[in-house]
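Asks: Sequence:
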Amino acid sequence: MGACCSRRNDENDGFRFRYIDGRRYHNISSSVYIGANDDEEADRLIRYHESVKEIWGGLFHSPVEEKLARGARVLDVGCGTGTWLLDMARNYPNSNFVGIDFSPIFPSEGLPENVIFVDCNFLDGSPFEDFYFDFAHQKFMVAAFTEEQWKEKVIPELLRITKPGGWIEIVEGGNLKSKGNATQRVAQGIDHYFKSKGMNSQIGEAIPHFLENTNAFSEIKNEKKCVTLGKKGGNIGQETLKFYRKVFSSVRIFLSSSMNITPEHYDALVETIPIEAERCHSYINQSSKELDEEMQLQRGLPANIFRTQIDMKLRRGGLGWEESTTTVTSTVTKTSTVTSTVTVTNTNTSTVTKTLTVTNTAPVTTASSCPRNGDDKKGSLGCLPRFSLSVEVNLRFF
1 MGACCSRRND ENDGFRFRYI DGRRYHNISS SVYIGANDDE EADRLIRYHE
51 SVKEIWGGLF HSPVEEKLAR GARVLDVGCG TGTWLLDMAR NYPNSNFVGI
101 DFSPIFPSEG LPENVIFVDC NFLDGSPFED FYFDFAHQKF MVAAFTEEQW
151 KEKVIPELLR ITKPGGWIEI VEGGNLKSKG NATQRVAQGI DHYFKSKGMN
201 SQIGEAIPHF LENTNAFSEI KNEKKCVTLG KKGGNIGQET LKFYRKVFSS
251 VRIFLSSSMN ITPEHYDALV ETIPIEAERC HSYINQSSKE LDEEMQLQRG
301 LPANIFRTQI DMKLRRGGLG WEESTTTVTS TVTKTSTVTS TVTVTNTNTS
351 TVTKTLTVTN TAPVTTASSC PRNGDDKKGS LGCLPRFSLS VEVNLRFF
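Numbered per the numbering used here, the sequence shown spans residues 1 to 398.
Hints were generated in silico from the structure; no laboratory data involved.
The calculated lysine to aspartate or glutamate pairs, modelled on EDC-like cross-linking and capped at a C-alpha distance of 16 Å, are:
1) LYS139 x GLU205
2) LYS53 x GLU239
3) LYS163 x GLU219
4) LYS139 x GLU223
5) LYS242 x GLU40
6) LYS246 x ASP267
7) LYS246 x GLU271
8) LYS242 x ASP43
9) LYS163 x GLU129
10) LYS195 x GLU147
11) LYS232 x GLU278
With the sequences and hints as input, model every part of the structure.
Replies: Rendered as C-alpha cells:
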C-alpha cells in the first residue's frame with residue numbers, strides 16, 4: 001500500500017506515555033491533546049462507535065460507495081482504537097485502509113490484509129505521497145489541534161495527500177447549550193483551558209471558513225443529525241450522555257487545575273451534568289456550512305444534539321466565478337414553506353440561478369409543554385416549531 005507501519009508497546013512507558021491520577025496519557029510535549037489513551041479510553045471509543053453508526057445510519061456520508069466497492073485507498077486520521085477503519089475494511093474488502101495516530105491504542109495483531117496502522121504525528125507531516133488517497137476521514141479531533149494548526153497544517157496536509165476528485169470527511173461535535181449551573185461551570189472551564197492552549201472548543205463552526213479560504217474545494221456538503229440527550233433519547237441518547245460524561249471525567253486533572261478547584265469538586269460538577277441534562281433540556285448546537293448549496297434547518301425543540309459532518313470534494317481550476325447569497329429567515333408556529341434563491345455569475349460565461357425550498361413538517365409544540373433555555377418556565381413561545389433557511393451557491397468546476 002506504499003506506507004510503512006511502526007508499533008510501540010507499554011515497554012516505552014515513562015518515555016512515550018505518562019501516568020496522571022491513575023490514567024495513561026501521551027507524553028509528546030508538542031501536542032495539546034489531553035485525552036487519555038488507556039484501556040478505559042479505548043472502551044469509550046469502541047462503545048460510542050456503534051452509537052455514531054446508528055445516529056448517521058452508516059459509516060460515512062461522502063459519495064464514495066461505488067469507489068470503495070471497486071477498490072480505493074482510505075485514510076483515517078486520529079484513528080484511535082481503529083474501530084471505524086476495521087469496520088470499513090470488513091465492508092469493503094477491495095479497498096485498502098490506513099489508520100494513523102500518535103497515541104497508539106490501535107490493534108497490532110489479527111489485522112485484515114487490507115488494513116495497516118501507522119504510528120505518527122499528523123502535525124509532523126504524513127509519510128504518504130501527494131494525491132495518494134481517494135477518501136480521507138477524520139472525526140472528533142476538536143481537542144487535538146490548535147486553531148492555527150487546523151489552518152496551517154491539518155487542512156493543507158489533508159489536501160496534499162487526497163487525490164483531485166477525492167473526498168475528505170470531517171465530523172465534529174459542538175458545545176452544550178441550555179445548560180444548568182454545574183454544566184455551565186464545566187463548559188466555561190473547557191473554554192478557558194482551550195483558549196489558554198490556542199484551541200477552539202467550537203472548531204466545527206470555524207472549519208468551514210478555513211476550507212473556503214483555501215479555494216481548493218469544488219463542493220462542501222453538510223449534514224446534521226439530532227439526538228435527544230438522556231432517557232428521552234432512548235439508548236442513543238443515554239449512550240451519548242455517557243460519552244460526554246466520560247470525556248469530562250478523563251480530563252479532570254487538567255480542567256480542575258485550570259478552574260482552580262479540587263478534583264473532587266470537579267467530579268461533583270460532572271456527576272450533576274446528567275441530572276441537569278434531563279431537567280434543562282441540554283443540547284449541542286453545531287455550526288454548519290455547505291458550499292455549492294447550503295441549507296440550515298433549525299427547529300426550536302429542546303434536548304437536541306446537533307452534529308455536523310463536512311464533506312469536501314477537491315477542485316483543480318474553475319476560475320472566474322463570483323457568488324452572492326440570499327438568506328430568508330422565518331419563524332412559524334404551523335406548517336410553512338420558505339424559499340430562497342441565489343444567483344451566481346461567471347464573469348467569463350453565464351449566470352446560474354438556484355432555488356431551494358424547505359417545508360417545515362414539525363408538529364406544533366404547545367408552549368405549556370416546553371421550557372425555554374432550560375429555565376423551566378412554562379408558557380414560553382421558545383419551543384414552537386421554527387426554522388431558518390440559508391442558501392449559498394458557490395460553483396467551481398474542474
